[in-house]
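Each chain is listed here by its residues.
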Amino acid sequence: MEKTLSSLPVGAEGRISVIIAEGLMRRRLMDLGFVPGTKVGCLRHSPAGDPTAYLVRGTVIALRKEDAACVHIY
Amino acid sequence: MNQINSSFDKRQQCNTPAANVSDRVVETIYQQAERIAARAVSGTGSPKTDWTRILDNILTSKFLGYPIMLALLGLIFWLTIEGANVPSGLIADFLFGIEEHLSAAFMTIGAPGWLHGILVLGMYKTLAWVVSVMLPPMAIFFPLFTLLEDLGYLPRIAFNFDNAFKKAKACGKQALTMCMGFGCNAAGVIACRIIDSPRERLIATLTNNFVPCNGRFPTLIAVATIFMGGAVASTYETAAAAAVVTGLVLLGITVTLITSWALSSTMLQGEPSSMTLELPPYRKPQVGAILYRSIIDRTIFVLMRAVTVAVPAGAITWLLANIFIGNLSILSHCANFLAPIGHAIGLDGFILMAFILGLPANEIVVPILIMAYMSSGYMLEFESLGELRDLFIANGWTWLTAVNTMLFSLLHWPCATTLISIKKETGSSKWTWIAFLLPTIIAFIVCFLVAQTTYFFGWV
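Note that the protein sequences, when read in sequence, are chains W and B.
For the first sequence, my numbering begins at 21 and goes up steadily by one.
For the second sequence, my numbering begins at 3 and goes up steadily by one.
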């Protein structure tokens, strides 16, 4: 079972291997910089637990758990 | 290149029928862009303190996040109420002073009574009420809100609230459109364009009405100050009123979430779409420039609206109050007709009528109500909002009337401008009608329940 972005603990970093989202979400993620090979870091969770803020290419993007689970990292 | 190839292989292993060609195109574009950026862009080294991260750790933290949001909201209302007090009084003194001179002038030139009535007692007076009671809070709240927006805080509100919206099967960006609704519901409706899914966009549009817009705040503030503030020691007056208004806003947000959930489960079924939210770095807002520009802009905007909407409404109100059928004015006839419905929901006929006449612009509701009450002959020297209290009590107001007026103002139908915006944005008459009926029905039900429970237990 590969590690996904949603399992990344706060403060940890990883590199993107695959994005298994489809359609609109896939485009959106790739447009925002979530491209295979990119370094991603987990910054913090929302006070409600979801979404989570990730640092990618110098920008902070918040993703919901289901969507973050589509991004596999190593 | 090796990494990309290996990830490409992994994708093949996953059997994902992705558009592999477009993926590789995107990846190579990014590589190219990175190469160029690495050569061309030079950084200033890491900044001394990452303020954004420090602030975010506090503002979106588990324990402090929500309380801080609440406190900020309350603070904004407190500043609005406190700051509007003195200007309100000054403007009122000035404008009503002029009214006396106007009346004297009319008498000197021997103008007919009805002309004096329409122009001075109707149009000018309503204008004076709107400008003195409604304008100052609006001119203060909007700039404060703009300041918060410019700071970059709004995405953090969406970040904190997204989970609640996800549970309501709505889009997280609805938190942002909801915030825009605080400024103006029509602007909030247009802001719903940022939501891609048509289903979720419609939900956001229909529920935008439940946050009070800039025009409804003065109504809430006025009633809260008059009744709630008057019930506590004068040092805590503003704080009490601010607390009440904050509570109402929270109620509005709760109703938004519940209605969104209900719509998602019935008329607008579907699964929540994905959401990406950018949290940009905080900006130091140009406080002076924003305050100056915003106050001036808002004042001009409200004044123009007052002239185009309040003045005619004032004329109509005066006419209705002074044209008699039988031995009652048309106004009294209407109020009597609406009285049973009004009483059932804890209001009275006049209040209901003021809300109906306030369809073009929410800020004229209280002025029309004042005018309607005064047409029965009550003389009013406007020193402060406290005078209004006597006027209302003389017309049968109780704490229940105050509470239900505020509830009705919060929940009732959207103003004409918003309805027009909804029609333009949705392109559908059906949804515009629903946008009108849904809040109205909810307002009636809520007020009915509150009123009947109070009557039943004999609390009033």
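Hint data in this document are derived by calculation from the structure and do not stem from the laboratory.
Yeah, the Cβ is synthetic: ideal placement off N, Cα and C, and Gly gets one too.
Incorrect hints may appear among the rest.
Restraint ranges, calculated between C-beta atoms of paired labels, are given here [to be verified]:
id: 1; chain 1: W; residue 1: LEU44; chain 2: B; residue 2: ALA241; range: 15 to 25 Å
id: 2; chain 1: B; residue 1: VAL289; chain 2: W; residue 2: TYR94; range: 26 to 36 Å
id: 3; chain 1: B; residue 1: ILE422; chain 2: W; residue 2: LEU52; range: 27 to 37 Å
Partial list, computed: chain B residues near chain W (C-beta under 10 Å) [what the hints assert, rightly or not]:
id: 4; residue: THR54
id: 5; residue: GLU102
id: 6; residue: TYR155
id: 7; residue: PRO157
id: 8; residue: ASN162
id: 9; residue: LEU270
id: 10; residue: GLN271
id: 11; residue: GLY272
id: 12; residue: PRO274
id: 13; residue: GLU280
id: 14; residue: ILE343
id: 15; residue: ALA346
Which chain B residues face chain W? A few, computed with CB under 10 Å, are given here [as the list claims (entries may be wrong)]:
id: 16; residue: ASP58
id: 17; residue: ALA166
id: 18; residue: LYS168
id: 19; residue: GLY174
id: 20; residue: ILE192
id: 21; residue: ILE196
id: 22; residue: ASP198
id: 23; residue: MET277
id: 24; residue: LEU279
id: 25; residue: LEU321
id: 26; residue: ASN324
id: 27; residue: PHE326
id: 28; residue: CYS336
id: 29; residue: TRP461
Structure-based check of each hint:
no.: 1; hint: LEU44/W to ALA241/B: 15 to 25 Å; result: violated (47 Å)
no.: 2; hint: VAL289/B to TYR94/W: 26 to 36 Å; result: violated (46 Å)
no.: 3; hint: ILE422/B to LEU52/W: 27 to 37 Å; result: holds (35 Å)
no.: 4; hint: THR54; result: holds (8 Å)
no.: 5; hint: GLU102; result: violated (56 Å)
no.: 6; hint: TYR155; result: violated (14 Å)
no.: 7; hint: PRO157; result: holds (8 Å)
no.: 8; hint: ASN162; result: holds (6 Å)
no.: 9; hint: LEU270; result: violated (19 Å)
no.: 10; hint: GLN271; result: violated (19 Å)
no.: 11; hint: GLY272; result: violated (14 Å)
no.: 12; hint: PRO274; result: holds (9 Å)
no.: 13; hint: GLU280; result: holds (6 Å)
no.: 14; hint: ILE343; result: violated (41 Å)
no.: 15; hint: ALA346; result: violated (39 Å)
no.: 16; hint: ASP58; result: holds (7 Å)
no.: 17; hint: ALA166; result: holds (7 Å)
no.: 18; hint: LYS168; result: holds (7 Å)
no.: 19; hint: GLY174; result: holds (7 Å)
no.: 20; hint: ILE192; result: violated (22 Å)
no.: 21; hint: ILE196; result: violated (13 Å)
no.: 22; hint: ASP198; result: holds (7 Å)
no.: 23; hint: MET277; result: holds (6 Å)
no.: 24; hint: LEU279; result: holds (4 Å)
no.: 25; hint: LEU321; result: violated (54 Å)
no.: 26; hint: ASN324; result: violated (56 Å)
no.: 27; hint: PHE326; result: violated (60 Å)
no.: 28; hint: CYS336; result: violated (48 Å)
no.: 29; hint: TRP461; result: violated (36 Å)
This entry does not satisfy hints 1, 2, 5, 6, 9, 10, 11, 14, 15, 20, 21, 25, 26, 27, 28 and 29, going by the numbered hints stated previously.
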